[in-house]
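Single-letter residue listing:
There are 2 protein chains.
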Amino acid sequence: MKEFSIIESFFKSGRHQRRDVEIGIGDDCAVTNVPEGQSLVVTTDTLVSGVHFPEDTEARAIAHKAIAVNLSDLAAMGAEPAWVSLSLSLPEADEEWLSDFSRGLHEITEYYTVQLIGGDTVKGPLTITITAHGFIPKEQALTRSKARPGDWLYVTGTLGDAGLAFDIITGRKDATPADKEYLLGRLNYPTPRVLAGTTLRRIAHSCIDVSDGLLSDVQHILNASNCGAVIHVDKLPISKPMMDSVELSEALRYALAAGDDYELLFTISEEQKGNLEVALANSNVSATCIGQLNGMSEKLELKFEDEPYHINASGYQHFA
Amino acid sequence: MKEFSIIESFFKSGRHQRRDVEIGIGDDCAVTNVPEGQSLVVTTDTLVSGVHFPEDTEARAIAHKAIAVNLSDLAAMGAEPAWVSLSLSLPEADEEWLSDFSRGLHEITEYYTVQLIGGDTVKGPLTITITAHGFIPKEQALTRSKARPGDWLYVTGTLGDAGLAFDIITGRKDATPADKEYLLGRLNYPTPRVLAGTTLRRIAHSCIDVSDGLLSDVQHILNASNCGAVIHVDKLPISKPMMDSVELSEALRYALAAGDDYELLFTISEEQKGNLEVALANSNVSATCIGQLNGMSEKLELKFEDEPYHINASGYQHFA
Numbered sequence: 479m480k481e482f483s484i485i486e487s488f489f490k491s492g493r494h495q496r497r498d499v500e501i502g503i504g505d506d507c508a509v510t511n512v513p514e515g516q517s518l519v520v521t522t523d524t525l526v527s528g529v530h531f532p533e534d535t536e537a538r539a540i541a542h543k544a545i546a547v548n549l550s551d552l553a554a555m556g557a558e559p560a561w562v563s564l565s566l567s568l569p570e571a572d573e574e575w576l577s578d579f580s581r582g583l584h585e586i587t588e589y590y591t592v593q594l595i596g597g598d599t600v601k602g603p604l605t606i607t608i609t610a611h612g613f614i615p616k617e618q619a620l621t622r623s624k625a626r627p628g629d630w631l632y633v634t635g636t637l638g639d640a641g642l643a644f645d646i647i648t649g650r651k652d653a654t655p656a657d658k659e660y661l662l663g664r665l666n667y668p669t670p671r672v673l674a675g676t677t678l679r680r681i682a683h684s685c686i687d688v689s690d691g692l693l694s695d696v697q698h699i700l701n702a703s704n705c706g707a708v709i710h711v712d713k714l715p716i717s718k719p720m721m722d723s724v725e726l727s728e729a730l731r732y733a734l735a736a737g738d739d740y741e742l743l744f745t746i747s748e749e750q751k752g753n754l755e756v757a758l759a760n761s762n763v764s765a766t767c768i769g770q771l772n773g774m775s776e777k778l779e780l781k782f783e784d785e786p787y788h789i790n791a792s793g794y795q796h797f798a
Numbered sequence: 479m480k481e482f483s484i485i486e487s488f489f490k491s492g493r494h495q496r497r498d499v500e501i502g503i504g505d506d507c508a509v510t511n512v513p514e515g516q517s518l519v520v521t522t523d524t525l526v527s528g529v530h531f532p533e534d535t536e537a538r539a540i541a542h543k544a545i546a547v548n549l550s551d552l553a554a555m556g557a558e559p560a561w562v563s564l565s566l567s568l569p570e571a572d573e574e575w576l577s578d579f580s581r582g583l584h585e586i587t588e589y590y591t592v593q594l595i596g597g598d599t600v601k602g603p604l605t606i607t608i609t610a611h612g613f614i615p616k617e618q619a620l621t622r623s624k625a626r627p628g629d630w631l632y633v634t635g636t637l638g639d640a641g642l643a644f645d646i647i648t649g650r651k652d653a654t655p656a657d658k659e660y661l662l663g664r665l666n667y668p669t670p671r672v673l674a675g676t677t678l679r680r681i682a683h684s685c686i687d688v689s690d691g692l693l694s695d696v697q698h699i700l701n702a703s704n705c706g707a708v709i710h711v712d713k714l715p716i717s718k719p720m721m722d723s724v725e726l727s728e729a730l731r732y733a734l735a736a737g738d739d740y741e742l743l744f745t746i747s748e749e750q751k752g753n754l755e756v757a758l759a760n761s762n763v764s765a766t767c768i769g770q771l772n773g774m775s776e777k778l779e780l781k782f783e784d785e786p787y788h789i790n791a792s793g794y795q796h797f798a
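Read top to bottom, the protein sequences are chains A and B. Residue numbers for the first sequence follow this note's numbering, beginning at 479 and rising by one. Residue numbers for the second sequence follow this note's numbering, beginning at 479 and rising by one.
Simulated from the structure, these hints should not be mistaken for laboratory data. Heads up, some of the hints might be wrong.
Any copy, or any two copies together, can satisfy a pair, since identical chains are not distinguished.
[As the list claims (entries may be wrong)] In silico DSBU-like pairs for lysine-lysine, Cα to Cα no more than 35 Å straight-line:
#1 K777 <-> K624
#2 K616 <-> K490
#3 K624 <-> K601
#4 K718 <-> K777
#5 K713 <-> K658
#6 K616 <-> K718
#7 K658 <-> K624
#8 K624 <-> K751
#9 K718 <-> K601
#10 K651 <-> K751
#11 K658 <-> K616
#12 K718 <-> K658
#13 K601 <-> K781
#14 K777 <-> K601
#15 K601 <-> K490
#16 K651 <-> K713
#17 K713 <-> K781
#18 K490 <-> K777
#19 K781 <-> K658
#20 K751 <-> K713
#21 K490 <-> K624
Working from the sequences, and respecting the hints, build out all of it.
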């Protein structure tokens, strides 16, 4: 199977054709239009087999996750997703694998009404790079740098599930079949908080997605905003399958230090606290207040029931 | 060296800050603005070590080429380049390599006043994916599909140099030191025909860049436009270093079948033939008429001094 027929067979015929795409797959470039009054929001994330997912991960999950982690970055800026480009490096053109991969890709892009507008298919080690494009009304992008002392720190969903799932896959932990299914779903089919992100535009002061782990990602906000924070680890949102499977101290370690959660971590002022619940009611996800920001430059304190709490771990870092 | 410090040290501080970039590297996404009346043009190309360039290629050349091949795709649509995203998969964080790579990247992006707006650095086999963004006035994009019977077929620059250079590197061919230097420059530091591309907007009917080889790329125009063509191989533009180094029949084979030239192949009507020379005078590149299109659906004929010419070769194809 040649490169051109791979693109033709598996990626060209997305069922969802957006009106803002003038020229899609099949020419040297795509040509698209950004709506008036909106800025373009762009992000790129790469997944490498054996680094970002185990080598035997199913192709449908790899495609889902590659798109989801990019939509999660768009969500963290408050952007509405629009188009994605795919670069797929493959050791061989395995038609069954490609068929599963393209199914995963079409499922998630259709769900979010996102269109695949182009890409590249090359022979090489299994690596997937997605560049995702979205829109945000001018000057409304959420960033890491506008948190203020006194802001409340929130996180969507639950934390640590993907980290525990990874340890289950690699045989270091176990869980009941039902819990395992839930946890593996969190690892392999993460949900980008797209609607929560757009909802937070006018509410949050700052936002980031939790991809490297809570401790690592909250520090990005603290550094960029020159604030400190106290996190009450007893308030961290932990799923029931996690609570069923490990001791509390371990659950907290997963919630603080494991990556791959793709929840949104954001800060809001005291005045917006009341509006938040109403605003998020339609976004299909809960949000939990886990701490507060202060003026202690870049310093993060952990507390458990108001006592200092220590943990020897940090987020995932390449080349560390 | 950690991922965050790689980005900080080598990629964040481009000297060229464009005014249409609201938020650059350092947040979850970049935020940019497309000028009013312009469409956004997007392309993605991946280079894999050992596949798209020999493993011992210098880092500066790898960066140059990764950007150049994407700018070449933009040029083929007539677009003006604006921003690039970089995904860099690296086996290890070698500071000297990274320093050379970032030098190559900054040199070419500054030359074309393009800004690096984001990306991802991951641990993995050496692979570089660039997504390039450019602008074109609405409805003016050059495509592969609007060639017409009777159009004249043109190509910029010279053909085959990169293919010969590759055979020199791998020891299959040789050349004088001066010719070698020229040819290796064509392979490692290709020149995207950016100015020629924007100049052709109102002149050409169709356009593509020659990346897979002339035979392969002209066929894309013929297929998309449902035309045929005659190419006069005796008219193919061959560089003097190529003529010095190999027999004519070999030179023609490189010109027809080798890839990596990144010249523009385009078609224009009889009426525009006169305007072309004037229009290209400022774009720093020549263009040569190599044939003509006809109504013979998708059929390509080669002639040498009006006699049929046969060659047993086609363009580079992954997974072939």
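Results of checking the hints against the structure:
{"no.": "1", "hint": "K777 <-> K624", "result": "within (16 Å within a copy, 60 Å between copies)"}
{"no.": "2", "hint": "K616 <-> K490", "result": "both (32 Å within a copy, 23 Å between copies)"}
{"no.": "3", "hint": "K624 <-> K601", "result": "between (43 Å within a copy, 31 Å between copies)"}
{"no.": "4", "hint": "K718 <-> K777", "result": "within (31 Å within a copy, 65 Å between copies)"}
{"no.": "5", "hint": "K713 <-> K658", "result": "within (24 Å within a copy, 67 Å between copies)"}
{"no.": "6", "hint": "K616 <-> K718", "result": "neither (40 Å within a copy, 53 Å between copies)"}
{"no.": "7", "hint": "K658 <-> K624", "result": "neither (38 Å within a copy, 55 Å between copies)"}
{"no.": "8", "hint": "K624 <-> K751", "result": "within (17 Å within a copy, 57 Å between copies)"}
{"no.": "9", "hint": "K718 <-> K601", "result": "between (43 Å within a copy, 34 Å between copies)"}
{"no.": "10", "hint": "K651 <-> K751", "result": "neither (38 Å within a copy, 72 Å between copies)"}
{"no.": "11", "hint": "K658 <-> K616", "result": "neither (43 Å within a copy, 51 Å between copies)"}
{"no.": "12", "hint": "K718 <-> K658", "result": "within (12 Å within a copy, 67 Å between copies)"}
{"no.": "13", "hint": "K601 <-> K781", "result": "between (50 Å within a copy, 34 Å between copies)"}
{"no.": "14", "hint": "K777 <-> K601", "result": "between (46 Å within a copy, 29 Å between copies)"}
{"no.": "15", "hint": "K601 <-> K490", "result": "both (19 Å within a copy, 30 Å between copies)"}
{"no.": "16", "hint": "K651 <-> K713", "result": "within (24 Å within a copy, 69 Å between copies)"}
{"no.": "17", "hint": "K713 <-> K781", "result": "within (10 Å within a copy, 77 Å between copies)"}
{"no.": "18", "hint": "K490 <-> K777", "result": "between (49 Å within a copy, 24 Å between copies)"}
{"no.": "19", "hint": "K781 <-> K658", "result": "within (30 Å within a copy, 66 Å between copies)"}
{"no.": "20", "hint": "K751 <-> K713", "result": "within (16 Å within a copy, 73 Å between copies)"}
{"no.": "21", "hint": "K490 <-> K624", "result": "between (40 Å within a copy, 20 Å between copies)"}
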